[in-house]
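The listed protein sequences derive, respectively, from chains A and B. As numbered in numbering that gives the first Met the number 0, residues 0 to 227 make up the first sequence, in order. As numbered in numbering that gives the first Met the number 0, residues 0 to 372 make up the second sequence, in order.
Treat the hints with caution; some may be incorrect.
[To be verified] Lysine to any residue pairs mimicking SDA-like chemistry, simulated, CA-CA at most 20 Å apart: (1) Lys81(A) with Glu2(A); (2) Lys121(A) with Leu108(B); (3) Lys205(B) with Leu42(A); (4) Lys205(B) with Tyr41(A); (5) Lys312(B) with Leu42(A); (6) Lys100(A) with Arg140(B); (7) Lys121(A) with Ile301(B); (8) Lys121(A) with Arg140(B); (9) Lys312(B) with Arg35(A); (10) Lys315(B) with Asp21(A); (11) Lys121(A) with Arg144(B); (12) Lys312(B) with Tyr41(A); (13) Lys315(B) with Leu215(A); (14) Lys100(A) with Gly196(B).
Since the hints were derived computationally from the structure, they do not count as laboratory data.
Here's the letter readout for the chains.
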Amino acid sequence: MLEIIRIHNELLGTYGDRGNADVLQFRAGLRRIKSRITDISYLDPLPRSGDIYLLGGAEDAAQLLSLTALRKGSILARAANKGAVVLAICAGFQLLGNTYKTRDEEFEGLGLLDVSTAPGDKRLVGDIAVKSPLFLEPLTGFENHSSVTTLGTEATPFATVISGNGNGIAGIDGAMDKNVFGTYLHGPVLARNPEFADLLLERALGTAISPVDDELASRYASWRRGLI
Amino acid sequence: MRSLKLRLAIAIAKSASATSKLLGHKGETLPGRILLAIEPEAISLLAQDKEVILISGTNGKTSTTKAVASIVSQLGPVATSGSGSNLAWGAANALMSPAPYAVLEIDELHLPSIIAQTDPTVVLLLNLTRDQLHRMHEVKRVADRWHVECSEAVNTIFVADIDDPFINYSIVNAINVVRVSFGGRAHADGAVCPRCGSYLAWSRNKYSCTCGLTNKISELKFKKGSASFRNAILANIVGEIVGAEPVEFSESALERSVTKEIAGKSAHFRLTKNPASWTEALQADLHPEVILVLNARQVDGIDTSWLWDVSFKALKGHTVYVCGERALDMAYRIHVEGVIPTLVESVDEAMALCSGSDVSVLTAYTAFFELVM
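Here chain A stands alone, though its shape is the one from the complex (with noise of 0.2 Å):
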């Protein structure tokens, strides 16, 4: 059984990334690959014995407090360094850094990816394509947030921005480590990038997967990718 935990939707479910995990279900149920989806809220403990976590866009309080849920145990690190998938999106990819800044104050996140955060001077909103070294085809997504995220030397960029913003800096998008990935692209983004879904599967399981031939997936994926 693969194990989806979908963290704190109620706080990191403002951009629609709650899609990510019932597309995740839905492509391992494609090819026979039993999986269920656990709704952690910010009262919940994090389990330990999940496959793939997913985190997230959210506002400001809300994405403060999740950091403050996810602190408790460094149980998002631990289950990171087993090997389990971790993929956060936006405000749930800053909490996985060293360090956010807002415009008060500056937090300590998770250490997960080696990233830090602080405000940009606007809003970068609208469509984003990017062209990730670990797909074939570019990546594409929506982008809604007003921050910049600097890499540091251990983070590797997820993705080099072909249109849109991404990180606001540097031309890069999102970060990884391992089987760690924080990017900007809601969308949901493997709602929009079945081939990234794919990937996180096969990370998880260890093992490649059968291709499926989704004729609406690939459809509207490449639609969009033809709209860049």
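We have chain A; now place chain B onto it with these hints.
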């Protein structure tokens, strides 16, 4: 007495309106734009000799404004907004009327400035949920602006549906408030207290924060009901404040719905524009054949990610056609939820394929106006 400059500005704006209508436009924003270009103070000048009532919120603005206008019309002529023209020039356009009452629908981001300019008698605050995030950015950001302006509008009576914590936060420091509760309801964005940032404690649709923000205490309490039911009551409360008798509305009177005959069948169009209104529409009874129309222009919200916050499970067992500029976003969304979409080019094509006499058509904002208005 209106100044010469203002009268001149109105005359020019009105002649522009006539020209605009000749050219086939609805003529609701151009005169307002011209008026404000010539006399930037026009809104506050024109509001001085009127009783002004403003209505705002994410969902239900247009239909509730129509309801309030019809209630207030018992008392005398009412100047009111054209359908959905809820920005500053729409307000300016409506205020040019000599009517003693003005009942205006106002866009959420424009509300603070229109309150400041019109010093309204009553402001009705319906709800604040996720909508057009590419423009609003965050729900809290809108509520913060309302909170500041509502606290300063000391002459205004606010009628507020406080089952929505963002509405309650908006009026928490206002001087004159009628707080209304309909027994509480869930709020998809209500996990954090908008006032203090704590995790908001909810129990059976009632919330109560350590900072004191709660919907357990209100001036008026009513039973639970649909958005249409709630908005009819809120409209009547506003009417009562200005001295009008209550008016009874049918359950569906305040829905944005229109029925049109297409291909010999009845197409029941309903406006659905964000997670809250889609959820509301999907909870209602739907015909066996359903058409979903999705666009993503500015007023629809250019980001379609929110589709994943709506459960479309209610469509299981229905025949579902999907069209619109972003039909593929919708089709893939419901596909993942186990609903089989049939992609079509248009509502007309879908209606021709339908076999029943009645079809539900859930329609994004811009599509609704193009198809039925």
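Here is what the structure says about each hint:
1. Lys81(A) with Glu2(A): 15 Å, holds
2. Lys121(A) with Leu108(B): Given pair lysine 121(A), leucine 108(B) holds - Cα atoms ~18 Å apart, limit 20 Å.
3. Lys205(B) with Leu42(A): Judged against 20 Å, a Cα distance of about 18 Å means the pair holds.
4. Lys205(B) with Tyr41(A): Distance ~18 Å between lysine 205(B) and tyrosine 41(A) Cα, so the pair holds.
5. Lys312(B) with Leu42(A): Distance ~27 Å between lysine 312(B) and leucine 42(A) Cα, so the pair is violated.
6. Lys100(A) with Arg140(B): OK: lysine 100(A) and arginine 140(B) at ~18 Å, within 20 Å.
7. Lys121(A) with Ile301(B): Holds: lysine 121(A) and isoleucine 301(B) sit about 18 Å apart, inside 20 Å.
8. Lys121(A) with Arg140(B): Judged against 20 Å, a Cα distance of about 15 Å means the pair holds.
9. Lys312(B) with Arg35(A): 18 Å, holds
10. Lys315(B) with Asp21(A): Status holds; Cα separation ~17 Å.
11. Lys121(A) with Arg144(B): Roughly 19 Å between the alpha carbons, so the hint for lysine 121(A) and arginine 144(B) holds.
12. Lys312(B) with Tyr41(A): 26 Å, violated
13. Lys315(B) with Leu215(A): 18 Å, holds
14. Lys100(A) with Gly196(B): The hint holds at about 17 Å.
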